[in-house]
Every structure is written in C-alpha cells, then in structure tokens.
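Line by line, the protein sequences are chains A and B.
Under the working numbering, the first residue of the first sequence is numbered 185, with each subsequent residue one higher.
Under the working numbering, the first residue of the second sequence is numbered 185, with each subsequent residue one higher.
The set of hints was computed from the structure by calculation and includes no laboratory data.
What you are looking at is a predicted structure, and each value in this text was computed from that prediction instead of being measured.
One should not assume that every hint holds.
Since the list gives no way to pick out one identical chain from another, each pair is judged satisfied if it fits inside one copy or across any two copies.
[As the list claims (entries may be wrong)] Heads up, simulated BS3-like pairs for lysine-lysine below, C-alpha to C-alpha not over 27 Å straight-line:
(1) K734 - K190
(2) K774 - K512
(3) K652 - K767
(4) K190 - K767
(5) K190 - K774
(6) K512 - K652
Now for the letters of each chain:
Protein chains: 2
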Amino acid sequence: MITALKRLLVGSPMATAQAKQERLAKIPALAIFASDLMSSVAYGPEEILLVLVLGGTVALQFAPAIAVSIAVLAAIVATSYWQIIHAYPSGGGAYIVASDNLGTLPGLSAGAALLVDYVLTVSVSTASGVAAITSAFPALYPHRVGICVGCVLLIMLANLRGIRETGRIFAIPTYWFILCMALLIVAGFYRWMTQGPPPPPATVAVVEPLSVLLILRAFSGGCASLTGTEAVANGVQYFQPPESRNAGITLIWMATILAASVVGVTFVAHLYHIVPQPEETVVSMLGRQLFGRTWIYYMTQAATAVILLLAINTSLAGFPMLASIMAKDGFLPRQLAHLGDRLVYSNGIIICAVVSCLLLVIFQGSTHALIPLYAIGVFGAFTLSQAGMVLHWSRERGPRWRLHAVVNAAGAVTTAVVVSVVAVSKFVHGAWIVVILIPLMVLGFLSVRRHYDTLRGQLTLRGFVPPKIGRHPVVLLVGGLHRGVVTALTYARAISPNITAITVDLEPTATARLQQQWQEWAPDVPLVVLDSPYRSVMQPVLHYVDQMEKQRDGDYMTIILPEFVPARWWQHLLHNQTALLLKTALLFRKGKVAISIPYHLDR
Amino acid sequence: MITALKRLLVGSPMATAQAKQERLAKIPALAIFASDLMSSVAYGPEEILLVLVLGGTVALQFAPAIAVSIAVLAAIVATSYWQIIHAYPSGGGAYIVASDNLGTLPGLSAGAALLVDYVLTVSVSTASGVAAITSAFPALYPHRVGICVGCVLLIMLANLRGIRETGRIFAIPTYWFILCMALLIVAGFYRWMTQGPPPPPATVAVVEPLSVLLILRAFSGGCASLTGTEAVANGVQYFQPPESRNAGITLIWMATILAASVVGVTFVAHLYHIVPQPEETVVSMLGRQLFGRTWIYYMTQAATAVILLLAINTSLAGFPMLASIMAKDGFLPRQLAHLGDRLVYSNGIIICAVVSCLLLVIFQGSTHALIPLYAIGVFGAFTLSQAGMVLHWSRERGPRWRLHAVVNAAGAVTTAVVVSVVAVSKFVHGAWIVVILIPLMVLGFLSVRRHYDTLRGQLTLRGFVPPKIGRHPVVLLVGGLHRGVVTALTYARAISPNITAITVDLEPTATARLQQQWQEWAPDVPLVVLDSPYRSVMQPVLHYVDQMEKQRDGDYMTIILPEFVPARWWQHLLHNQTALLLKTALLFRKGKVAISIPYHLDR
C-alpha cells in the first residue's frame, strides 16, 4: 500500500541506464536555475528600502545607487563563476573549488555555508511568496504558515519525481515573471515620462541618523538578491553537452536579467516614492500604484508568488547535489549519495524540505528574520571559491592565466569585502548564528569522515581471526507451550545440539503447568525458570544471558525468540513487543545473536 | 540513561510482594476519589447559568431549582452506588455490573462510555482549572494550552509513581478546597443577611425564548457535576479492609459534600445576580464580589485551580483500573492488564494522559465544547449498572431484596430519564459524537476478543506437526568482503552445510572485485550476483528469496545479514538501515528466518 502511494506521488522507478536522458536544454535549465536568482527581485529591493527607511526621506535617496552597486556586484560574481564553470566542467561549486585549491577546511566551510544557504533560500522564498499572496488577499494572512508548508511539500514531490519533469513544470512561470517585471519597469518609466512625476512624498520620520553603517546595512540586505548563482556551478552536469558552454551562457543570461530587474524595480520604486510597509510588499504597492487593482496587478502578484514558490526548487535541486558530492567524499552520511529510484538524490531533497518547513513554522512565515542569516554564508562561499580559483590559475598557468587570475582575484576581494560588511553590519541581527553554526557543521563533517576512515581499518581482513562457534550454546525463550514455541524448538535443534530453554516466572501456577508440559514435550532440553520480582521479562533474560557469557564455549551465543506474526496489522497492538525490545538490547551486547522464529497466524 | 531518567521520575521498581501495602485509609481515599466529584462544583453551577443566561433575567431565576434537582439526583445515584459497592466488594463499576447481569453488549457499552468519560474528565478538569488561574491572572491566558498539557503530564508522573503516594500528595488541597467553598457560601449568606440584598441586577437581554428545552439543557449542563461517582465503585479494592464498608462511607460523604456545595454556590450566585462571562469564571466573580481582590479571593482561586488539576487524578486512577479489568476479559490489549514496575497499570495511565493532552491541544483548552460530550456517557453507564442491579437482586433474593431492587430501579429510571434529556437537548451540541463513538468502540472490543479467542485455537498443540527443517538452506547477504561478513560466514557454516551467498550488483567494478576475493576466501560457497536495475537492495533480495522458496527442501529457510554495530549512537545515521528493513519485510513472509550477525566496532 505504501509502495502504491509512493508510485502515485513520485512515479515508477527509473533504471540506472536511463540516467543520461535526464539532461536539460538551456531554456528549461534557465527556468530551473533562474527561479531562485530572479525571484530575489521580489525581496532584494524591499530589503534595501526597509533599512533605508529608518534614516527617513533623505536616506531613501540612496536606494538607486545601492541597486546599481548590487548590479555591479552581480556582474563581478557572474564573470567569476563563468570562469569556474569552464574550469570545472563536471560541476564546481564553492565546495569543490575551495577543497581542490585551498584544502579541506576551507572547502568544508564553503560546503557548510552553502548547505545552510540552500535551506534558508527555501524558507525565505516560501515566506516571501506567501507574503505576495497575502498582500493581494489579506484574508489569507492567518493561514500563511500552513500555506508555506503545503507549498514546500508540493515542490518536494515535484523534485522527487525527477529534475527534467520539474524543468518542464517551471519554465512558463519563470518567463511569465520576467515579463511582469519588465512590464512593471517599462510602465513605471513610461507613465513618469508621459504624465510627469507623481505628487511629492510625505516626509518619513527619522528613526536612526543617516550613517555609513546604515547605508552598508541597506547594501547587505540587497545582497540577498545574489543568492542562487552557486546553483548553476553545482549543477553543470544537469546541462546538455557541451555542459560548460550551456551552463555558462545560462549564467550570463540570468545575471543580466537579474541586474536589470533589481535596478529597474528600485528605480521605479524610487520615482514613485514607495515606502516599505509591514502589511504589503514593495512590488505589490508599486503594482497597485501603476495599474490599480486591475487584472494586470493581480497577474503581477500571481507571477511574483509563483516564481518565489518555484525558487525553492533551485535549492531543492542544489542541496541534494552538493550533499551527494560531500557524501561521496565521506563528509556526510552515505545515504545522501544514493540515487533514489527516480534517479534523484531523494534523501537530500527530503531533508532540505523538512528542515525548511521547520524554520517556517518556528519563524511563523516571516522573511526578514531569516535574510541576515544567509547573506554571510553565500558571500563567504563566493569568496572561498574565487580565492581558490586564483590559486588554480596560478598553478595551471594555461593560456591567458594572468587575465583569468585577475578576474577571480577581483571577485574574491569584492565578495570578501561584502562578507565583512554583512558580518559587521548584521552581526547582532542574526549573522552571529551563522558564525557559530558553520564551524559546528565543519566539526560534524570531520567526525563523519573520521568514522568512515576508521571503519575500513576496523573491518579489514588483514590479520583477522574468524570467531570460534564451538559448542554453540543456544538459549530458547519460552512463554507458554504452543505451536510457535515448538516450531522454534525444532529450529533450535537443527542449528545446535546445545540448547537450554528459559522461562520467566510471572505467575507461579502458569510456570508450574509449563514445567510439567515441558517434561512431556522436550524432556531432553533443560528448562530454567528465572525469577522476576519486578514483573519484567527483559531484565531477568538479559541478566541470565550475561551470566551465561562467562561460562560459554566459543565466541557466539544464540538466543531464539519464538514470535507469532498476526495476520492483520492492528493485531500487533494486541501483543507485547518484548521480542523486539530484547532483540534491540541484545544487538548491543557483543557475541550475541538474537533470532526470531516467526509463526504466522492465519486470521 | 533512559532507565536512570525513568527511575528519577517514577521511583525504583517495586516487587510484586509489596502489592498489598498499597491500600488507602478513608481520609486519603476521600481525597483521591473526591477531587473529581468535588471539583465539578467549579464548573457545574457555571454550566447551568451559561445556558439559562440565553433566556434572559427571567430564566436565571430557575437556577436554584435546577441546583436542588441535581442534589436530589446526586442522592439517588449515591444510594444506588452504595448498594453496588456492597454487592460487588471486589470492585464493581458499571462495566462489571452490566456485564454480569445484562450480558456482554450492555457491559461493553458501559465500559466504552466510562473510558471516554475518564479521558474527557481529564481534559475538562484541566481546562477548567487553567480557566480559574487565567481568571485571576489574565496575562497567562495566551499560554493556557501549554499550561494545561504541562499539568496533565505532571499528574501522570505522580500516578506512575503509585497510588498511595498520590493519595498523600492530594489530601491537603482537597480539604482546602472544601473549606474555601464552605467559606464562600457562608460569607455569601452572612453578608446578604447582615448587609441586605445587593443592588438589583442589570437586565440581561433575551437571546432565546424561555422554554422547557432551555431548562432541560441547563439541567443537562449541571449534570456534569456528577461525574466521578463511578470511580469509587471501580476502585473498591484500593481501600483498606473492610473494603466495601470504607468505600461506601467515602461515597456517602462525597455525595453529601458535593450536593451541599452545588446548591450553595448556585444559591449564592443567584443572590448576587452573577451573570456568567466568557473571560471570568462564576466562582471567581463571586469571590471578587464577596472578598474583593484580597488574599482570600486568591486563596479561593488557587484552591479551585488546584483541585481541578488534581481531579484528573481520579480519572488517571480510574481509566487504567477499568482498562485492566476489560483487558483481563480479553476486550482490550493485554498490555493494559500488566502491572508496571511501580505496581500501577502504567500503560493505561499513559494512554489516558496522552489522549487528554491531544484533546486539550485540539480544543485549545476550552471547557464548554467538551462538557456535552460526556454527560451522556456518564449517565448511560449509570443507567446500565442500576438496571443490572435490579436483575441482580431479583436473582439473588437475599434478605430485603425487594427494597434493594426498588432503590436501584428508582436510580435506573431517574438516570435513564437524564440520558434521554441530555441526548435530546444536547444532540446537536456534540452528544452525537458519543452516540457514534460508543458503538464503534464496542465493535473494537469485540474484534480484540475475537482475535484472542481464535489465537488459542491457532496455537494449540493438538494435531500439530512440527515443521521440517530438512537440508536447511541458508542465504548469506554479502555487500563487500570484510570482518563482519567473514564472521557471518563462520556462523552460517556452524548452523548449516547448505549455504549460498548472494550480492546485489550496484556497481559492476565493485562486484567484479568481490567475486574475485570471494574465490579466495570461500571457494566452497557459491556467490550469486543479483541484478538491480533500480539501485535497490531490498527488491532483488526479496525476489531471490521468493524464487528459492519454490525449490527449497524443508519448511524453513534462513537469511543471514551481516550487520556492524557502531560504537556510538550517532554513527547509526551513517549507515544504511537495509538490514532492519529486510528483517521487517522477511518477518511477513512465511517460512523465513532472518538473522543479523552483529559485528561490534570499537570506535
């Protein structure tokens, strides 16, 4: 039944041989990887304005300049990544590039930062998308957390079905959103030119004096627009061959559209004196002002909501991909490197979705609390990978290596400056969590790796003396005398001549009757009666087994547990789970083998 | 570690021989069994007023009359139960009396009604107790659900420690509450006599015309005061010998105090024109009017809160007691009849507490939604047990049997009328849920009983032919060649000469290497390679085992799974749980024995 449900939700299993087909042309690839980057247009400009508004009307004048500087930053980052994609055609995220060139610790730091970032992107995008919906329909506001979680789970299912199908699902909304943003910007400029500037703004009260720190914090907020660049570099192998070329072109397209949109939206918001409000998003206010509550406004809101909700797809594709690479290197549990039966890394997808849902529930679907958390991770990873590339070029010394190195060095310096700015200006606003979390994660990765490393040594056959089984003592646990017990006894006789039966005395009359019956059925097998003053079955049995340990011959001892298997699931509730508990307890005692002999009931 | 925590919370285990000591003198017994009955003084009068207020000022005049009729009802029910306690000295709740005299179905109906009632009492008492706290301290209102759940879990722990200790814990607050109610009533009458009547009330608007149905609904609400009477009859064996006499006297005390309090509180509320409000309880309003916000008011509120919170103890003692009786009769899972290591029915206590907490969370700590649900169950059970007693007396024909029969018949008729009144007047207010739930529970009880009945037949040794083990095929699952696998192979050789090794081909190069190594280590054991197009280990293994089934010799086949046991708990996360999943799947296939051979890692 569970299998049937799984098939219905994620589709039939796919053979390993089908793997090569799951590649993406540029058009759907742009849709998949662009949704994260593009969608940040919905909250990037807003984060800039939200900080600036604290400085009052004068501070808000800086918004266009900050938007332009973020566009320049996008150009630098994209150029650097374009080089990385070509240097690492098999997929080179910050983790691989930093590990390769700077060593394990920087690589793991970059990996940790990106894993955190993917999860946060899912949460922030979902929260923002639902904010776009509740801006248009305030009645839905009380249900926002439920809507958030439902959306994440839906996109998780789409991802579990496989990446190509999700590409197809997502192409239309992504292009629709780009169109809407273009429309918004063009309409804004056009109306401004034809109808002249809108009435002068109401003065905004000053909460905090205008300072360099305020401007820097606004810039840090706007940097959230750049998350998602990494996903393309990690996902190069999803592209159709030639992978690097296709991925590189996609990246440049994406960065260009992004920069144009961020600058455009911020400019138009500036022209129309938009002041951010807690109840409504900046894009919604802008749309209302330009189009009124017409179908164009609702279409824009819908596109914004849909792209934000789909943006979580980037991370749900990026997180498992990176986790699988780190798992193959032994820094994460191996299960994350297993392709699921739909040829996707199902475990990684599920973990990312579940953690994001938890964050959404804990933060009650609020965007702004999470945004400071992740800019630092993103730009930290950028810096590490750019720095790694500088070393890469200077080692390889291929044609034009100096130019390449200079480009990446410029990227590294720029993003390092951004990290410092974010870390300093947003430290008390939540950046400190990331500063603590990333080293902890790196320690975790190292422990996992150490376990796998020592595992090989512990399991090697070199110098290994196989255990002696010897006279092979077998202990048979008897409750009462019935078909299940006789079956188990028959099995015990088949595997050893050295059998002892034990029973726990819970009720003296029942025990006396059992002893008498036992004499008739199995006079050759001794029956030991164990006392149980506290009415427990577990304790006396474990105690007896530990006692036997001292006098046994050979390295292994077997405990046989007769177990009947009910015909229907609910009947399990009507029987003690003592066998299961005993098996679990015995698993942790050396040299014990616990065997359940099932006896199947008919009804 | 878990064991240590359990010891800390519930105390050291107690031997079976200590059981007799756990008996109660009348004074602590009154405290335990009275807390439920007495505590309903806090919400019984309020439920009467809450309905009457819909009929406006005129309807509120009926409150004292309704209170008196409930006192009369209490006298009738108590007298009937006093007879039951003497006729069933080993403990005779409605379930036993109805089963004994009316047959299985009425007995099970009574049992179902009481189990539901116990759970609801826990929820309602907790919600009411927390309402008393939030009446005094409105700031705590937003945290009410958390406080409710915390309280239930705390009392659950007290009960898991054992009944005598809980008796001692609860004696003081119960008597303190009785004192507070007496003080409230006496102060009310005294002030009314010395200072004359308070100013005439503001007119209350009429929401619903005054009708017989409205009066009946108010009476139904007030009937909630009588829940808890049953607990004494079920718990007779908790009393010190002579059990029946002590239990009977306790019951009469309880009923008298209850009737006096309900009538007193309702009268005083009537004198002072108290109109129920959603934000404050009637007792709180009364206390404030009589004492002001002085320490006497706060003491009364505290006593009310404490007794209501302790009332859940009655149910947490009553539910497991009844569940254990029904489990011994085979109508509920046997685990409910097992005495825990503190000589209490721990499983029943935990189930009752957990379900109540769920109700509290679902209903967000609101009392009134739950009250209509349980009056019908309580009075249905009363009716069934009284009717059973009438038959009991007419069969036994002991001295004065006619008098006894008449008393119980009067009780049966009265409570039957109450059931009809509640069912009709509260049907749409939630009574329908109980009307559906109880038959479903009875069906469940019958299925459980049928399972246990057929179990004996399925397990009988009469005519049983023990299975053949024959050449005993053993299948060894091999992933790679390491110490764990060699250990498992050694074990396999010890239990059978007929071994086949199988491996699932997940990666062709690893498989080829394994085949080569296998030739060196175990050339005598054939190694079968299974294809896995969908990268699953489970499916090919299960398919192979099912194929083998057809050609095997003997009735049982063994599958050996080498499993290494990590040294630390978190390392389990770093390995596949394939062995566990395979063992679970194999358990449900007939004639398969799955054995894990543990190999313990050192670090």
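Each hint tested on the structure:
Taking CA atoms no more than 27 Å apart as the test, K734 paired with K190 passes in neither setting, with 49 Å inside one copy and 29 Å between copies. Taking the shortest alpha-carbon separations for K774 and K512, neither the intra-copy value of 31 Å nor the inter-copy value of 38 Å comes in at or below 27 Å. For the homomeric pair K652 and K767, the shortest alpha-carbon distances inside one copy (22 Å) and between copies (25 Å) are both at most 27 Å. In this assembly of identical chains, the alpha carbons of K190 and K767 lie at most 27 Å apart only when taken from different copies (21 Å versus 30 Å within one copy).
Taking the shortest alpha-carbon separations for K190 and K774, only the inter-copy value of 25 Å comes in at or below 27 Å, while the best intra-copy value is 38 Å. In this homomeric assembly, K512 and K652 never come within 27 Å of each other (Cα to Cα): the closest approach is 36 Å inside a single copy and 47 Å across copies.
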